[in-house]
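A.B. asks: Take a look at the letters that make up each chain.
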Amino acid sequence: MYEFSYHKVASVADAVAAMSAADDGKYVAGGQTMLPTMKHRLASPSDIIDLGGIAELSGITVAGDTLTIGAMTTHAAVAASAEVQAMIPSLAQLAGNIGDPAVRNRGTIGGSIANNDPAADYPAAVIALGATVHTNKREIAADDFFTGMFETALAEDEIITSIDFPKPLAAAYMKFENPASRYAIVGVCVAKTASEVRVGVTGATTCAHRGQRLEAVLNSDFSSAACDAVEIPLERMNSDIHASAEYRAHLVKVMAKRAVDACA
Amino acid sequence: MVENGIGASVRRKEDNRFLIGKGNYTDDINVAGQSYACFVRSPHAHATINSIDTTAASASLGVIAVFTGDELAADGIGPLICGVTVTSDDGEPHRAPLHPALAQGKVNYVGDHVAVVIAETYAQARDAAEKVDVDYGLLAAVTDTGSAADEGQPQIHEVAPNNMCFNWPFGDKDAVETAFAAAHKISRLELVNNRMVTNPMEPRAALGDYNEGTEEITLYLTTQNPHVHRLVLSAFNQLAPEHKLRIVGPDVGGGFGAKIFVYAEELVVGWACRKVKRPVKWTSDRTEAFLSDAHGRDHVATAEMALDENGKFLAMRVMTQANLGAYLSTFSTMVPSYLYAFLLAGQYTTPLIYSEVKAVFTNTAPVDACRGAGRPEATYLLERLVDVAAADMGLDPGEIRRRNFIPLDAFPYQTPVVQCYDSGDYETALDKALLLANYAGFSARAAEAKGRGKLRGIGLSSYVEACGIAPSAAVGQLGAGVGLWESAQVRFNPTGNVQVFTGTHSHGQGHETTFAQLVTEQLGVPFENIEVIHGDTAKTQFGMGTYGSRSLAVGGVAIAKACEKLIAKGKKIAAHALEAAEGDIEFGNGNFSVAGTDKAMNIAEVAFNAYVPHSYPEGLEPGFDENAFFDPLNFSFPAGTHVCEVEVDPETGVVEIVKYSAVDDFGKLVNPMIVEGQVHGGVVHGIGQALLEGCRYDSEGQLITASYMDYAMPRADNVPSFDVDYAPTNPPHNPLGVKGCGEAGAIAAPPAVINAIVNALGVKHIDMPATPENVWRAAQAAA
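Respectively, the protein sequence lines represent chains A and B.
All residue numbers for the first sequence refer to the numbering used here, where the first residue is 44 and numbers rise by one.
All residue numbers for the second sequence refer to the numbering used here, where the first residue is 22 and numbers rise by one.
Here chain A stands alone, though its shape is the one from the complex (with noise of 0.2 Å):
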């Protein structure tokens, strides 16, 4: 780790501030990418800008149809949630297999999906859920929020500071481990709602995105056996030592039967 000055801040104007202030600025929710990333020297931040003592950003609130957690709330406070079990179970299930006990006691739901590892378990359910992101200047589609590999709508100093839920009827997410690291070779989170089904996909290429082509069969037959006619393209697929690009294109349509078997 390079030397870096760090700030503990006490709301949200004042992490603006800070990073305003800083020279190359970071903000660090649960740390548990950015830590890791800095430790290995391949990180070198002027300024830390810690979000974890913002009290208004922790925390989940149940209005009406609608899941609401702050975005410091952590993967184990998810998982434990009597209020996400019960609205959108697959949701406290999905940050329960989130890396290992560490991780989910630090990591967060809004550090997650800030920093968008092409990997990373919530992305695919934000899109499958259609969910709302909630920043300090405005609220953002969960259709517009991820744009490439560890990119994301967020201006360099906007902070997430909810995401909004809605509850579906039904909604399950499948994730095929990578033996090593438990990150998702493929995660596929599918949710069925009164008016449509969205899948949201995960680890399969270079960011999560909807699976339209799944989302297609699923619309008009919301059953396993309708996944099979679809094709995946091979092409934006990832590929690397643990998964082929045709693997993965497999096990997308794999895991999008299993989570629609467990939908119902």
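If you're looking for bench data, these hints aren't it; they were derived computationally from the structure.
Check the hints yourself; a few may be wrong.
What the hints assert, rightly or not - Which bits of chain A does chain B cover? Going by a derived footprint, with three or more residues having C-beta under 8 Å, they are:
1) 96–110
2) 222–233
3) 279–287
The model shown is predicted, which means the values in this text are computed figures rather than measured ones.
In this text, a Cβ means the ideal position worked out from N, Cα and C, and glycines have one as well.
Starting from the known structure of chain A, arrange chain B on it as the hints suggest.
C.D. replies: Relative to chain A, chain B alone:
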């Protein structure tokens, strides 16, 4: 049974300090005035070093010194050595390239040591290390085991044309060819033994402390063999004379082979602490561990078995190419040679075996012993080949093994590959294992699984290994530079408690408990009054350390012999005190007694008399403290059959191990709980190799599995609950009747797992690691 004696599952005494956080590992040790070392490592797999500019690094905050290979060479330190000679087919010794501790003009793998920075803090040392400006001239790299010796490959060392270290043929080639020509059937298999990173939980560390007054270097090390380190560092690396070098191997958090060897960092730290006149500490980070710990395995081989019409093995032929990495690590040459080819007979009567091992250099980290060392490679090859032969002959895998087992009445059995097995009962172990695994009920379970869309498979592995390493005369004949005896000292204090000094080293094996059990059994001293001491050359008389499942089979016997000497001396002391003839004194349960009387004295009283010899036998030395050495006459030969049952999800290729049964012959068990733990750990290691662990370099020599993000270690949810049982035989060569158990699981498990997967898929072979994608592809191809 003596309380807490041989055969008791006594809880491990050492665990208290580990569980309460009071373990004392090398990195826990801090010496006043300590400085920190950071190594500059090559980012390139193969490059010349045109220049090294240390100016900026030397001027960096907190820096005490920056050294390169020039300073090391000027002081006449090093190079690192390989301690075992293998004679190549041209009659010449294996090619041994220069292995400097800090590079001399060239680097040969990513992680190779280029320079060292010593600073007041580790962070300062690391900052400065980034400022060492090295001008590299990049060369093409060679990393692939199978093609490293091919025409046109980049050449790594001038002394090793075609990157060949040795070509070592063994056996009667012509006789084997004749047998093949006359065979009813020939079974053939090409297979890879995947490269592994050894991965002890505690990374390597070294702390050097030079005392200007006594001119002694104390070197705290993560070592499995402190005296071997002292010997090599002194006699071969010129670090310091042996009597001016103290090696302390305190608590060590796992070794698995990787901490046997003498590494560059250890030599450099030992030398640098004298150079800068400051204690110097280096602790490997995990990335450095991946890059620079010696790796294991990495073979490609072709195996053929000639069979008669009854499925009897007539002859075997094995062609192996083994990757030794960029340089020869301390015992590297013996792993793919003597520890491999001499185990190719396995449990079978195969009368003729021919083996050719080509060992090659590549631009990868050095490869050396890793849990099992050569024997897992031999066992994997043989036990896979036997299953292929069974399929070729239409025989059940159990049946073909049974037809070829060395029968019980044939022991001692001279194999065609040097080893003479002293004892074993392979059929009993197989029978027990098949029962334990409910082999007979397998087809019903497979049918049930099929109904759930799963493919169920079962696989056997009948292994034998040579451990209790090793008879000195045998290894000397083979070209080893050391003897492999073990030593012990058993010392009574005047108050009657006992200190046991052993030359072996415990880094997870539980010696402090097991060895105390031996002593309580033999001398009748209460278990809690016995302390086992190891790991410090200033405390322990001498020793050769722990590897090759040798500690109990060799070191334990040395302890028993020292105890015998104490009993013999005690009889003299007791005879004098009890006013009886020495011949009338009997010893048992800790008491010396006069035969046929009730006159007796406890061994603690005898010890007191020996230190306060107011009334004492004339001419007898005072003191109750005995030394003993033991050099075994033969290896020991643990053996057994393991049965693995898997379920494959054909849709994803995921393999679940649903049942694993192990029946082993380890001879007598001193602490069954510890033995079972060793079996569990070994089997998990083997399952890791079979399913998960694959160390991969790209064609440019970059290690792509350089962290746990990409290198998959087995975890609790990858393995089932194990069923463990034993089928012991008594090894006549071992006075304690023990054989060794530390490596068996890692040796037996890989073929059991792969045989089960192959069985489930109905394919001929699948290479390790059987990752989900590989299994899925094989399932697709088979469907």
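A.B. asks: If a hint holds in the structure, say so; if it does not, say that too.
C.D. replies: Checked hints:
1. Figure legend: the segment 96–110 of chain A, annotated as covered by chain B; annotation inconsistent (0 residues with Cβ-Cβ distances under 8 Å, at least 3 required).
2. Residue count for the segment 222–233 of chain A with a Cβ under 8 Å from a Cβ of chain B: 4. That meets the three needed, and the coverage hint holds.
3. For the segment 279–287 of chain A, the assignment as covered by chain B holds, since 4 residues bring a beta-carbon within under 8 Å of that chain's beta-carbons and 3 suffice.
In this structure, only the earlier hint numbered 1 is contradicted, and the remaining ones agree with it.
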